[in-house]
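Between the sequences and the hints, there should be enough to build the whole structure, so can you do that?
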Amino acid sequence: MANLPDSLYEDYSTSKLTLPSASSFAPTTTVVPFPDMDTIIQWINDLHNEIPFVSNSALQNLVTHRNTYEILPLLLWKSPCTMTMMLQEIVKIYPHISAPVHSQEGKPPRAYNILLLFQCIAHYPETRGCFLKAEMPHYLFPLMDIDLTYKPLECLRLGALGVLAHMLKAPIDGAAVRFLMDNGALRYCTKAIEIGSTESKTVSVFILNKILSTNEGLQYCCVLADRFFLIDGLLKKLLVYLSSMTNPSPSLFNLIAGCYAKLSQKPRAREGLWRYPPVMLLNGTFASLLAEDPDAVNYRKQLIRNMQSKAMK
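Residues -8 to 304 in the working numbering are what the sequence shown spells out, letter by letter.
Mixed in with the good hints, there may be bad ones.
[Unchecked claim] Computed cross-link-like contacts, DSS-like style, restricted to lysine-lysine with a CA-CA straight-line distance of at most 25 Å: (1) Lys83 with Lys142; (2) Lys83 with Lys124; (3) Lys124 with Lys69; (4) Lys228 with Lys257; (5) Lys292 with Lys257; (6) Lys182 with Lys83; (7) Lys83 with Lys69; (8) Lys182 with Lys227.
If you're looking for bench data, these hints aren't it; they were derived computationally from the structure. Just so you know, these numbers come straight off a predicted model, no measurement behind them.
In structure tokens, the structure reads:
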């Protein structure tokens, strides 16, 4: 899976992650290179067109230019019935998430492109608050909880995770973090960490990392022993997963190291890490990755320093 725009992940690691782009899966359509505002508005109107080719062409063009026009999320949000139509496309997929999605040449369904538009809506400050107030992420949680790894379904999982990741891009919105905590979003990230692709695992840990970056989120993850040990167990599974890869993901490793450094800031978590340390992060298992990632080296040093402070007490 390759080529999703780096902009989705530009702020979480010194290493850039590339995931599937909309164009990788799009049916053949004419993409207008430099549309004017009237054309953008017409595409939004065409999303409601009953002729599939017209609607799909408009969708593909909007997705292609979603990072070019900052006003696009607001136009989508304020366009009559457009949010309803987009949610209907997501809901249509629900009956198929327990079985392979049948799509042309194994490509993901139209819902994938809809998720890419939701990503820009979730990120844009003027629409993010409305997106959260309407509790729209609830419609995405079932896509994150898919039990299968069939590629089109995995792309839907990745697209849904990407919406949450966009909500948390810098600067971090405290309201977005609180929404994810209040609605148990970490539970849905668990499935991706356990059975998802490397890309889905990475975005899930990105979401966890961003939650841990706030005092409220760090407290949430450490206040209950069961919750801490669940997170610790998932991170250790990921270290085992990375150790089994011929070419382990530097981005995923960087995020795991960052999560442990943040967890070790809390005394209760430090107690657990002292008793059950992430051995593979502390020994030489990932020496080659550490040699290429000074940020991960600093995270590891911070973890060791915090654990040693526990030992001296």
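### Query
Which hint numbers doesn't this structure obey?
Result: no hint breaks.
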